[in-house]
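Chemist: This is what each chain is made of:
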Amino acid sequence: MNDFRNQDPALLRGMTQRRLGRRDAFRLAGLSAAGLALAACGVQGKRVAKPSSSAQAQSAVQQYWSGKVKNGHVDFANWPLYMDPKQPELKQFTDQTGITVTYKEVIQENAGWFAKIQPLLAAGQSIDYDLMVVTNGIQFTQLVELGYLVPLDHGKLPNFAANAGARYKNESYDPGNVYSIPWASGMTGIAYNPKYVDTPPTSYSALWDPKYKGKVGMMADSQEIGNFGMFLLGIDPEKSTPADWEKAAAKLKEQRDAGIVRKYYDQGYVDPLGKGDIWLCQAWSGDIFQKNISEGTDLQFVIPDEGATIWTDNMMIPKTAANPVDAITLMDFFYDPKVAGGLAEYINYVTPVPAAQAVIKSDADAASGDDKKTLTEIADSPLVFPSDADYAKLRSYRNFKNTDEQKQYENIFQAITTA
Amino acid sequence: MRTLRARLTPYALIFPGGLWLAIFFVVPTVVMLSLSLQSGNVVDGFAFTFNWHSYVDGVTTYHDQIVRSLLYGLAATVIQIVIGFPVAYWIAFKGANRKSVYLFLVLLPFLVSFVLRTISWQYLLSDNGILLGPLRDAGLLPQDFRILATPAAVIGGLSYNFLPFMILPMYVALERIDPRLLEAAQDLYASRVQTFLRVVLPLSLPGVFAGVLMTFVPASSDYVNASVLGGTNTTMIGNVIQNQYLINQDYPIAAAMSFTLMAVLLVGIFAYARALGTEDVLEVAAR
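Quick mapping for you: the protein sequence lines, in order, are chains A and B.
Taken in order, the first sequence gives residues 1 to 419; the numbers are from UniProt numbering.
Taken in order, the second sequence gives residues 1 to 287; the numbers are from UniProt numbering.
With the rest of the complex left out, here is chain B (with noise of 0.2 Å):
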């Protein structure tokens, strides 16, 4: 009786999560796979007739709009690990008794809605808001100046909204090390450079590498920042997929663009998994 309790007990656990992920993950996904592969419209309904063309087509017209989100995507994570490394760091290592206030601080834009904050950054930067308007009177930027409705509006925002997510995994990697390292680095005539590049660094990577996945994913599929901050131009995959799934109703080429940007991070990250090297993958799966 009591080994097979015992025998029962990880499937006791495992059983709430592994419905959730059933009914919430796996039944929609197997539908929306089956949607890229339907043809028809929403009056006369669609029948699954195993139409590879929504791919086709949908890669041919939107290949523009795929290859700016993983450049919009790319460019977020980068500000976000130049932004998002020394405050980490700061916190890790200086942050003392303080740590958890500046954690709070780090998350205290999350306690306010997403889409608020996006709209919120239309009001700061209007050509003639608080702060541009003040700047163009003095002369310091040309007449038509402006950031709303750009490339760089959109991936300002997206490197905001998601800096946290960036944040957090690297504070955790570099708080895990062990002071007397750095310490010993020193002892052994190591520049501070050194100790940075060779022990800080390194240590670190996991942490990164869980923050680029937390950050990239979310942005270079984002549609908010773009429909709220961008202008002509700046369309995101995520756009065209809300745009054929809501106003269109076309649902096979959405389920079809849905399916061509999960392959595409998929590549990405196991690519980019392989360039810094499994271990450290596994390492942070393992903590």
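Same shape as in the complex, but just chain A (with noise of 0.2 Å):
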């Protein structure tokens, strides 16, 4: 580098002293082709009018349809811990129909997987995926807004319109499933660690009560957060207001001021639950199951006496998928009982087909040992088969009307979790 010192004083002043020349006008001439670039870069969204009749939906199916034909080979996205690692009923069905499945781990979050897919799909470019399962809430609302999603062709889903619980026929927020059947149902609760906690919790207050201090884990996700703080105060989050939502984020900061929640969590709230971190947390079913199966940990999980949030995570097709006709066919032949039973014999999360319970119940039947006990527990688990008593205390996620309600949900519930 130049040693400046040695340079004629003279010119250093005319560098530095603010003079305006062809420089400058150079400057300006950059500046202006900056803004217009700036103005250019705007970001594309595409809301897609809903079908206004079933003959328009109706036709939307066969237009899309049309022409497509089996390939062979399927892509499946789905969560962690969603099917036992060794895939025994992807196996089956490679055998049954010739459909190879690559099945990857990839979804770790709905709002980091939209982020991932949405550049991709709004450019109509292959997500690599031809199947993908996201949980009812806002990004599922945003797939379907923009577009994203493929309608399915109910004439190809015969074990679903057989098999498929009537309540999992007609889900709030896809109704008729024009874009989605479930794939499994789980419940938001209260899992506590015995070792540290002698009496099991029953109700909300629990998580708000200062004997638990520093040792209580929330989740970081708004709508479950929002849900814990509506069901301490009684109200019924699928019907809440603005107003209650400011009620229960007071309760929420009372808790977090108080020094009664450690973290707000994403998902990582398991272990510590285990090592004793912390004592009582909000976790979702079958998570907590299959920690005591896989680690021999002894974690409980209870839905408080108030109700808990139900939640529904969906297989979907994106448009840009290349293989749709394969992916559906994986769809229905997860509908046959015999599969489902198995599936959730491993995940213990809520299936939507009951005719699983009495495939569970004659496995359990042909088992001895501690997996008859296992497979006996899981048939009359009111979390993998919610009996109607149970399902009345279930309420689901607030539907937002627009971006601006939804923004304004999260503002406020953000404000406790990112302070």
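Simulated from the structure, these hints should not be mistaken for laboratory data.
All clues given are correct.
Restraint-style ranges between C-beta atoms, simulated for each label pair:
(1) A/LYS211 with B/TYR123: 23 to 29 Å
(2) B/LEU116 with A/ASN402: 39 to 45 Å
(3) B/THR29 with A/ASN402: 31 to 37 Å
(4) A/ASN402 with B/VAL67: 30 to 36 Å
(5) B/VAL67 with A/LEU233: 29 to 35 Å
(6) A/PRO175 with B/PRO16: 52 to 58 Å
(7) A/VAL48 with B/ALA12: 47 to 53 Å
(8) A/ALA123 with B/VAL56: 30 to 36 Å
(9) A/ALA123 with B/LEU105: 43 to 49 Å
(10) B/PHE145 with A/ASP95: 52 to 58 Å
(11) B/VAL112 with A/PRO194: 34 to 40 Å
Sample of chain B residues lacking proximity to chain A, with all beta carbon distances greater than 10 Å (derived):
(12) LEU74
(13) TYR89
(14) LYS99
(15) PRO134
(16) GLY139
(17) PRO179
(18) ARG198
(19) VAL224
(20) LEU265
(21) GLY268
Model, not experiment: these values are computed from the prediction.
Cβ coordinates follow ideal geometry from the N, Cα and C atoms, glycine included.
Quick one: dock chain against chain with the hints and give me the complex.
Modeler: Okay, structure coming up:
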């Protein structure tokens, strides 16, 4: 580098003092070019009009599916811990249909997954998957509104028609299963480690109990945490108003400022619960069961008296899928009661196929010892086969009318979790 | 012909690097700047509306997180200087012919993924883990004592993860000091302390400056440590940006916060360069 100190001082002055010259003119030109470039970088969104009649919807289905043929392969994107790692169901599927399946556990979070695939789908490019699983909620609604999902041809879903439980055929977030059919449902309730918690919590107020100071884990997800605040106050989240959200947020703020909450978790609450870093927390039903099975822990899960959230993870086909026929064949395959039963035995989430209960019971009769006990427990578990009385206590996430309302909701609860 | 080639050579040399910068730095920066001035939502699309409000809203909502990030970054940097300087000094002056071995040891943690290293702290510092469990059982710590999910854990993680970036430039500066200068100082009856303060320290400052740049900037914009080791009220601005971008898909506010952070850091760096004297900075650049 040159030594500036030996330069002519006059030159330095000339370089450092402001004088409108050619250089500035260039700069100005550059700035306005940058301005043009800035204005050109809008991000495209394309809201798609909802089909106004069933005939219109039917023609959309025909238009998409005409000429589509079986290709012998399907790429399946799912969440971790959502299938036996040995994948017995997929092997059986390949044996039966000759269609091979590449199964990847690439979805960790609805929002993160949406952020990953949205630019590709907006550009009409392949996301490399023909089948994916997304929870009902904000991102699912956005996928539908943006027209990123294939309308399902129910002529290709005979098992679904025959075996799906009535409530899974008419979900409020996708009436008539136009774009999706359920993979599994689960509840958000309270999990606790009995090593540290003597009295099983029966109410949400346990999470506000000062004796658990610094040992309570909450979720960072604004819908999950918001619902807990509302359940505590006896508010039905599905019918809640912005005023209710503020009340719930005030309760959650109280809980945080009293030092009761240790941390707001995304996914990783199960390990700290097992290690005793947290003693009780918000949790998803199947996670706790799988942790107990795989690591021999004795964690407990309860649905509080006030009720709990039920959510559904749904199978759907992105509009740029290369193998839609193979994908829809696989979707329907999971509605065979035998397959659904086998899957529920492993993942321990609510199966949308009620007939799977009989399958698990007969498996239990055929088994012996510990296996028999576990299988009987699963067949009788309200977390896999909730009774009507259980369902009556369960509530869904709030559906938002528009993005402004959603943003208002997120801002209220994220002020708690990202402070 | 020959002179033409000679004239073109410098441009040919800068071409790959320049192209890289243009595509992967200039273009994304312009796109982000544009995003920060847009309004809309992910479903209806975003349009350029010269919407300054993202900056105003972002700073009013998240000024706590910005200040906290700078404080955490500063604390981590100070800790790294305190830990790193003696290490760099020792390797430079006492390392003899094993210097490269010691430097390799400093870099060794870098062979393990950044996220994995941070997560392993979770196990190490867990409330009932190998460190805190026995100490509490021995009655040396109060029952509700914890390290994880506190600001100390986040600052500790930041200090640990960026430490090699502090040690290496300081080592380079110290290693260049001619040992005869130290002998000369002693010949002139300087005490050891005086030698250090008036010879070693001033000559090492460019290395410290480079080290501070390379650790303070990434530490204050980090989000991994706060999300893995932090608890409530330890959110850094990096977490806010990640959340706004990937969870809320509110791209304008995420981009606006990124530029705000960049501006704050640049102002800080220039103020720091001024205070330390620009000559030293130029000296670093000249090396």
